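Participant: Kindly produce the complete structure, drawing on both the sequences and the hints.
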Amino acid sequence: MFQDILVTGLVNGGIYALLAVGFSLIFGVARIVNIAHTAFYMLSAYAFYFLLVKVGMNFAVASLLAVVLVVAVSMLCYKLVIEPVREHHAAVLIATIALGLIFQESLLIGFGGHYIGIPGAIDGFAAIAGVRVSYQRLIILVVAAVALSGTWLLLHHSRFGLAIRAAANDLEIANLMGMNVKRIAMFTVGVSVGLAAIAGVVVAPVYVVDPLMWQTPLVIMLAIVVLGGLGSIQGSLVGAFIISYVEAITVFAVPSGAYLKGAVALSIMVAVLLWKPEGLFGVVFEEER
Amino acid sequence: MNAVSALAARSWANLRNEVLVLPSRIAVLVWALALLLLPLVWGDAYVMRVITMAAIFAIFAASWDLLAGYSGQVSFGHAIFFGVGAYTSALLSKHFDLSPWLTMPIGAAAAVLCGMLVGLLCLRMRGSYLSLATMSFPLILLGLLFALPELSGGELGISGVRRAVVSPVSNYYLAVVVMLASVFGIWKIGDSKFGLILHAIREDEVACRASGINTPRYKVLAFLLSASFAGIAGALFAHFMRLAGPSTLELALSFQVVIWCVFGGMATVYGPVLAVFILYPLTDFLGGFDLFRDVRLLVFAVIVLLVLLFMPRGLGPWLRDRAERVCPRCKSRNVFTRKQCRLCEAELR
Numbered sequence: 013m014f015q016d017i018l019v020t021g022l023v024n025g026g027i028y029a030l031l032a033v034g035f036s037l038i039f040g041v042a043r044i045v046n047i048a049h050t051a052f053y054m055l056s057a058y059a060f061y062f063l064l065v066k067v068g069m070n071f072a073v074a075s076l077l078a079v080v081l082v083v084a085v086s087m088l089c090y091k092l093v094i095e096p097v098r099e100h101h102a103a104v105l106i107a108t109i110a111l112g113l114i115f116q117e118s119l120l121i122g123f124g125g126h127y128i129g130i131p132g133a134i135d136g137f138a139a140i141a142g143v144r145v146s147y148q149r150l151i152i153l154v155v156a157a158v159a160l161s162g163t164w165l166l167l168h169h170s171r172f173g174l175a176i177r178a179a180a181n182d183l184e185i186a187n188l189m190g191m192n193v194k195r196i197a198m199f200t201v202g203v204s205v206g207l208a209a210i211a212g213v214v215v216a217p218v219y220v221v222d223p224l225m226w227q228t229p230l231v232i233m234l235a236i237v238v239l240g241g242l243g244s245i246q247g248s249l250v251g252a253f254i255i256s257y258v259e260a261i262t263v264f265a266v267p268s269g270a271y272l273k274g275a276v277a278l279s280i281m282v283a284v285l286l287w288k289p290e291g292l293f294g295v296v297f298e299e300e301r
Numbered sequence: 008m009n010a011v012s013a014l015a016a017r018s019w020a021n022l023r024n025e026v027l028v029l030p031s032r033i034a035v036l037v038w039a040l041a042l043l044l045l046p047l048v049w050g051d052a053y054v055m056r057v058i059t060m061a062a063i064f065a066i067f068a069a070s071w072d073l074l075a076g077y078s079g080q081v082s083f084g085h086a087i088f089f090g091v092g093a094y095t096s097a098l099l100s101k102h103f104d105l106s107p108w109l110t111m112p113i114g115a116a117a118a119v120l121c122g123m124l125v126g127l128l129c130l131r132m133r134g135s136y137l138s139l140a141t142m143s144f145p146l147i148l149l150g151l152l153f154a155l156p157e158l159s160g161g162e163l164g165i166s167g168v169r170r171a172v173v174s175p176v177s178n179y180y181l182a183v184v185v186m187l188a189s190v191f192g193i194w195k196i197g198d199s200k201f202g203l204i205l206h207a208i209r210e211d212e213v214a215c216r217a218s219g220i221n222t223p224r225y226k227v228l229a230f231l232l233s234a235s236f237a238g239i240a241g242a243l244f245a246h247f248m249r250l251a252g253p254s255t256l257e258l259a260l261s262f263q264v265v266i267w268c269v270f271g272g273m274a275t276v277y278g279p280v281l282a283v284f285i286l287y288p289l290t291d292f293l294g295g296f297d298l299f300r301d302v303r304l305l306v307f308a309v310i311v312l313l314v315l316l317f318m319p320r321g322l323g324p325w326l327r328d329r330a331e332r333v334c335p336r337c338k339s340r341n342v343f344t345r346k347q348c349r350l351c352e353a354e355l356r
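So the protein sequences, as listed, match chains A and B. Residues 13 to 301 (the working numbering) are what the first sequence spells out, left to right. Residues 8 to 356 (the working numbering) are what the second sequence spells out, left to right.
None of these hints come from the bench; they were simulated from the model. Predicted model, so just to flag it, every value in this text is computed and none were measured. Hints may be right or wrong, so weigh each one.
[What the hints assert, rightly or not] With beta-carbon atoms standing in for the labels, derived distance ranges: (1) A:GLN246 x B:SER177: 56 to 62 Å; (2) B:GLU157 x A:LEU224: 23 to 29 Å; (3) B:GLY294 x A:TYR127: 20 to 26 Å; (4) B:ASN221 x A:HIS101: 22 to 28 Å; (5) A:LEU166 x B:PHE191: 53 to 59 Å; (6) B:SER174 x A:THR228: 38 to 44 Å.
[What the hints assert, rightly or not] Residues from chain A that face chain B, not an exhaustive set, calculated with beta carbons under 8 Å: (7) ILE109; (8) ILE121; (9) GLY124.
[Claimed, not checked] Not the full set, but computed from the structure, chain A residues with beta-carbon under 10 Å of chain B: (10) GLN116; (11) PRO131; (12) TYR271; (13) MET281.
C-beta: ideal position from N, C-alpha, C; glycine also.
Facilitator: Set out below in structure tokens:
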């Protein structure tokens, strides 16, 4: 059981980290609470399914194309829907909720409401520390690690990353220094959704793919991000593994834990917030007025 | 006799000088009267049902507006109060066989307790943290209910709850009268000194504290009041649908109420009610056509998105700004057709 918890927590933690880091990025830069974030994750799972099974492409091409497509869609959505209302906090929330619902319903009409099975890249199991782990889960782990380190490199060792960090630090000052803040925000949306899209592609063969699959990870992702501190990438990483291990322990060690895993994870978040209202790694801002 | 006629004359003068001068007030009056008179002219069971549901959700939406619109505590888990109201009254009705007239107030009281708990927990948080933390409360409760299927009925919920009144028309009147009273109450609260303080807390909490206002107390009070109305809505829902199920606690309901309020216009009370009375019958009606059944939610989302893009402050204030204009000198409202302010006779631009 101990090994089960260890491995499950690690794999889920990787997925959650991909989602939460992307969400944190765009929140940090443009203060956008993107409820549709996991809807893009769902969209990429469906795009991958369509390209792989219906069109008949091979794995590498289908996954790459799915991610590129979803990123393009997200940047278009940002330009058309989010940017015009970006100043109004509540309006952004509703707009992203509406976007999520639009994706959900479009997929429901296009593909039907039933579960879709997607074949894995490599079948079979590897035995690690006595636990049988399917190769697909190992792929998830590797891809998550590569994507997250790639994001870190992008943020800390490129001009674009510098621009993102500057904008996240203070959007107005960045604007005054002559940076094209609108374009930075749009490309940040691209990077942020790109991470979610990668997550969507790698989990598609393992998780159930249906038009409601975005809702459960949405809640968990929001819990992680709040737990770690909004806008803090480090916090999202740590939060992702805390929540995934709490979930894994609940599922394996508590009777009827499968029902309770969400409740326990969310209670942990509330408890942390009561102790540190700005999250684990959040910055305490002077009251914005 | 004299006293009666004097009273009648006074109320008529009040009506003519205060209500009939502004299109928005006429609209509210006509809407309230139309709701009360509708069953006399059009007692169709389907219409009764849709408007009853719309009335229940209008209470719920207005209660969110009191909390989020006025005091700025944007809760994403308002369904917890609705769900606590619904489950409490359904459980009491089912297991102790109490009369619905007793279980509904008890359900609302349970929601108030829950509101106090949530309000106290939320005192330390603000902004997006508060929104996202409140979102988790109904989901935690939902997880607990699923883990105790003997008590809660699990995924199916508690069905076969007794109705307070039997016929569709009396159910309609119950919901509509409670709705009118609650919405009027919420509007009065929002208009009072208490409502003013809530506005101040939303605009600038630090300045508010510096002026000697005990902001934590007002924030918890806002949670309590809002929860009580949401609890009433939940209890009405349970007894009308004869069911208290997981749908009363789901994320979808919490989001739905946010959509209604932002669509209608926040911190207005009339906005959310207007939005519910437009959007709920619309989505229900469209669902009746085969052609639209699948795209119903899609149409809903697209409408909401378009409204947001063209009227970011919501439908209610947008309509009101078209029908009335504000006097530049005394800030009172006038019909858009007037050239002079009706109170101070200043030139209207």
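Participant: Hint compliance check: list the failing hint numbers for this structure, sorted ascending.
Facilitator: 9 and 11
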